[in-house]
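Student: Below, each chain spelled out in residue letters.
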Amino acid sequence: METEQQLLKAIYNGERAALRRLYDRYSGYATAIVLRYITEQEEVRDVLQDSFMKILTSVGNFSYRGEGSLKNWVSRVVVNESISHLRMQQRAVFTDDIPDMPDEELPDIKDIPPDLLAEMVERLPDNYRTVLNLFVVEEHSHREIARQLGMKESTSSSLFFRAKKKLAKMIKEYQNDDTT
Amino acid sequence: MNQDEWIKQLHDKLADREVAAPEGLWDDIEAALPQSVVPQKARFMTLRRWAVAASVAALLATGVYWWWPQEAEVSQQVSQNARTETPQRTSVVEAIEQESTLTPQAVTPIRRNKVAHAIEEKAPAVEELPVPAAVEEEPQDTEPTPTTTKPTTENTYQAIVRQLDEQITRLSVARHRTVNINLYAMNGFGTQTGSNGVIMSPQMADKFRHLTRGNDVIYLAGYEERQKHYQPISIGLTVGYPLTDRLSLSSGIVFTKLQSDFYYIMPSQQLRKEQRLYYLGIPLNLNYRLWAYKGLKVYASAGGQADWNISTKLQINGVSQEMAKDRMQWSVNGGLGLQYDIIPQLGLYAEPGVKYYFDNGSNVQNFFKDKPLNFNLQLGLRLNLND
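Heads up: the sequence lines are chains A and B, in that order.
Taking the numbering used here, the leading residue of the first sequence gets 1, the next gets one more, and so forth.
Taking the numbering used here, the leading residue of the second sequence gets 1, the next gets one more, and so forth.
Worth double-checking, as some hints may not be accurate.
What the hints assert, rightly or not - Listed below are the simulated PhoX-like cross-link pairs for lysine-lysine, each with C-alpha atoms no more than 25 angstroms apart in a straight line:
(1) B:K294 x B:K257
(2) A:K166 x B:K8
(3) B:K371 x B:K297
(4) A:K71 x B:K313
(5) A:K172 x A:K110
(6) A:K172 x B:K8
(7) B:K313 x B:K369
(8) A:K110 x A:K54
(9) B:K228 x B:K257
(10) A:K169 x B:K273
(11) B:K228 x B:K8
(12) A:K152 x B:K313
(13) A:K9 x A:K110
(14) B:K228 x B:K294
(15) B:K371 x B:K294
(16) B:K313 x A:K110
(17) B:K371 x B:K257
(18) B:K371 x A:K165
(19) B:K297 x B:K228
(20) A:K71 x A:K152
(21) A:K152 x A:K110
As the list claims (entries may be wrong) - Now the in silico label distances, taken between C-beta atoms and shown as ranges:
(22) A:S141 x B:Q270: 14 to 22 angstroms
(23) B:I265 x A:D115: 54 to 62 angstroms
(24) B:N317 x A:E2: 50 to 58 angstroms
None of these hints come from the bench; they were simulated from the model.
All C-beta atoms, glycine included, are put in the ideal place defined by N, C-alpha and C.
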């Protein structure tokens with residue numbers, strides 16, 4: 001399989017087909033990312049298109065830092081596009097001062113298929129889902145999330161606690177349904 | 001289940017998923033793409049590194065080329081001076097450091113005296129410079145009485161005078177536009193000491209954050225921390241390049257040492273942590289000559305510096321410990337310099353200035369974080385090379 005470095009060299013050499021190869025290689029990954037943040041089909045398509053336009057027109061300025069760095073960069077562009085879309089739509093209202101709730105027992109998720117888990121995350125309210133994704137999947141700190149979404153650090157951690165609780169509840173319900 | 005473990009499982013299940021992209025998306029993208037998407041400057045990181053290395057080498061090589069053929073004797077003298085200069089400067093600073101009870105106000109006059117002394121000591125060495133250099137400095141004195149070879153005819157005498165004239169014109173032009181190399185030592189003013197007993201460190205407080213509301217400060221009982229940040233000491237070598245008659249750009253390398261002591265005082269015991277951080281920095285400064293008379297120059301300088309933490313040393317109660325390196329440190333600085341050219345090729349300068357260190361966001365505690373805005377004094381030798 002072509003390495004990221006080989007792919008980038010082909011792009012820098014002006015091979016237009018290499019752009020298509022970049023798209024083919026990462027479009028599935030990018031689609032899964034956008035779907036984690038945005039649920040409306042039409043909007044998913046728009047955000048994906050905008051993301052790839054950005055990626056393909058600025059890949060020339062990307063500095064390669066080892067295998068995986070291109071994929072990483074693609075994911076950062078896509079996450080940023082998704083978030084700015086959400087913020088533009090004002091759909092995710094990131095209100096401050098949500099009181100914390102006591103922590104509960106977390107259910108085991110070893111046996112839950114990833115697609116089902118993704119679907120559960122999709123069902124979370126927009127602001128819960130956004131913070132959960134950024135914290136868990138993108139591994140951003142609450143401090144970074146607060147800066148990205150324009151809210152207090154404590155709000156980010158509160159939203160995460162709520163998202164976690166809600167997700168845990170969904171998982172427990174699924175597990176109970178499954179056993180009965 | 002442990003929360004961290006749960007988060008990790010969730011991450012692993014979700015992070016690398018792929019979902020088929022919407023039908024026909026590529027066609028839309030391709031239709032909207034411009035003809036050429038690759039700018040000329042696309043390069044790999046490795047290439048860039050080579051380019052940087054090559055340009056540094058080229059800069060050094062050019063400096064040596066300018067310097068070497070004309071100033072062989074001067075350079076030898078200077079390198080001797082430079083060698084004695086550095087230890088003296090450090091010992092002065094160390095002496096000040098050892099007197100930990102001194103306040104910054106008390107430190108300043110002592111340092112000035114010792115520095116003046118150091119400069120006096122150097123002066124005789126400079127007087128021993130070879131005669132040709134002295135001739136260039138004050139040519140009028142030597143014109144009528146050349147010491148060894150007295151001209152016998154009017155013609156040869158005139159030829160020598162003409163030659164000297166040419167040299168003087170060349171020098172006076174060259175003196176305004178010269179490439180120079182600087183060797184300097186620098187230290188910031190004021191050792192910082194402080195004691196703020198009882199606030200939890202941010203990392204530690206994060207673990208208890210869920211017990212509090214918002215960003216409340218969490219206090220520790222029966223525990224005190226004291227810290228002392230010694231003034232930074234820098235030694236640098238820079239090369240200046242003239243842009244116009246008055247303006248010059250200088251860059252080079254600077255080595256900085258930061259020392260801090262931390263005391264953790266608990267009811268039953270005391271912990272002493274000694275931290276030493278070594279930085280290698282690249283400054284970039286713009287110098288503007290404000291005033292010049294004979295060998296004396298006053299100039300203003302402004303610029304920035306990037307410092308990389310190349311080495312760390314940590315001892316806790318005398319036992320060496322591992323310590324992660326600090327992040328890159330940016331700073332900006334400005335200053336006013338006074339330079340005296342002992343001979344046209346060599347000047348002594350003193351440059352009081354002010355420096356601001358940007359917060360680099362790391363958890364490393366050092367002088368830069370404790371006192372981001374800092375006055376300093378830079379003393380050095382400056383080699384002026386003919387353009």
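Student: Hint by hint, work out which the structure violates, then give me just those numbers in ascending order.
Tutor: 1, 3, 4, 8, 10, 11, 12, 13, 14, 15, 16, 18, 19, 20, 21 and 22
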